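Position one of the sequence shown corresponds to residue 9 (this note's numbering), numbered consecutively onward.
Hints in this document: simulated from the structure, not taken from any laboratory. Fair warning: there could be bad hints in the mix.
Simulated crosslink set (BS3-like; lysine-lysine; CA at most 27 Å straight-line) [claimed, not checked]:
id, residue 1, residue 2
1, K190, K162
2, K50, K71
3, K50, K28
4, K201, K190
5, K162, K201
6, K48, K111
7, K229, K190
8, K201, K229
9, K201, K71
10, K162, K71
11, K50, K111
12, K48, K71
13, K28, K71
14, K48, K28
Simulated DEER-style distance windows between Cβ atoms [stated by the list, open to error]:
id, residue 1, residue 2, range
15, P161, E103, 20 to 28 Å
16, H174, F25, 24 to 32 Å
17, T131, Q38, 16 to 24 Å
18, E233, G30, 17 to 25 Å
19, K162, S29, 24 to 32 Å
20, D55, G215, 28 to 36 Å
21, G56, D227, 33 to 41 Å
Nothing here was measured: the structure is a model prediction, and the numbers come from that model. All C-beta atoms in this analysis are idealised placements derived from N, C-alpha and C, irrespective of residue type, glycine included.
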Amino acid sequence: SKVFACDRGIPRGKKPFCAKSGCQEYEQIQNGFVLNAPMKAKIICSDGYGLVGNRIAYCDGEKWSTQLGSCALRGQTRTASCDFESEDMCGWTAELSFLSTWKRVSTVADFHSEKTGPQEDHTFQNQSDGHYVRMETESDAFGTYHFLSPLYPKELSLSAACFQFHYFMFGSGVGSLLVSIKPVSVTIGDILKTNHPYRFVQFVMTGSQGARWLEYTIDIKQMDEDFQVIFTAT
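Put together the whole structure using the sequences plus the hints.
Dropping the structure here:
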């Protein structure tokens, strides 16, 4: 038996699967190997390589629960765009990682709630593939929670640069989402100081916006130094 954690009546974490043997074994992959068991298949990447996609698939007696991913050289996934299919999240990190507030979750393997959503990621837009990053806090939590991009070189901003993202804000308990462009010399604490409001903050949205993915684009002005994009949930 296993106990599942719930927050405000919503189960969190990985979903259980009712598994049964009978599926055809997965073929082996480059830069790693597939550990095939009667009811489960799991990817193990070689040293120096990271997972892109799903690590584990379960058999229901006829078919696998999802398509397994692949192994890519670490660092190759750290580009200016990211769909969060890579396990290292392209270098994006939560400021306070020990709180586990910003999580990479699977459309297939993780619990989801129709009251908050989403049920599927934006890239694949189906319930059998994909990952996205979800912000989770306990019901009595308060404060600000930051999700940080890798450091981008200032050269990216020299000609008509922009940052486009998709967001999903739905449910009665939704707070605010802010997106900031932070020069490397500025601290995270400085971006929200009231003595220069919206100097760094380029996007603010508060409350439920409906059960759908929405898109927004921020124009990035020419930067004098390297910079980061910061998502802040409050």
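Hint-by-hint comparison with the structure:
1. K190 <-> K162: 11 Å, holds
2. K50 <-> K71: Cα-Cα ~15 Å, so holds.
3. K50 <-> K28: 15 Å, holds
4. K201 <-> K190: Holds: K201 and K190 sit about 13 Å apart, inside 27 Å.
5. K162 <-> K201: 24 Å, holds
6. K48 <-> K111: Holds, because 24 Å separates the two Cα atoms, which is no more than 27 Å.
7. K229 <-> K190: 12 Å, holds
8. K201 <-> K229: The given pair, whose Cα atoms are some 21 Å apart, holds under the 27 Å limit.
9. K201 <-> K71: 53 Å, violated
10. K162 <-> K71: 48 Å, violated
11. K50 <-> K111: 21 Å, holds
12. K48 <-> K71: 11 Å, holds
13. K28 <-> K71: Satisfied, since the Cα-Cα distance of roughly 10 Å is no more than 27 Å.
14. K48 <-> K28: Answer holds: K48 to K28 is near 9 Å, not above 27 Å.
15. P161 <-> E103: 20 to 28 Å: 21 Å, holds
16. H174 <-> F25: 24 to 32 Å: 28 Å, holds
17. T131 <-> Q38: 16 to 24 Å: For Q38 against T131, whose Cβ atoms are near 23 Å apart, the range 16 to 24 Å holds.
18. E233 <-> G30: 17 to 25 Å: Taking Cβ atoms as reference, E233 and G30 lie about 57 Å apart, which means the hint is violated.
19. K162 <-> S29: 24 to 32 Å: 55 Å, violated
20. D55 <-> G215: 28 to 36 Å: Between D55 and G215, where Cβ atoms are some 46 Å apart, the hint is violated.
21. G56 <-> D227: 33 to 41 Å: Roughly 37 Å apart at Cβ, these two residues keep to the hinted range, so it holds.
Comparing the model with each earlier hint shows violations of hints 9, 10, 18, 19 and 20; every other hint is respected.
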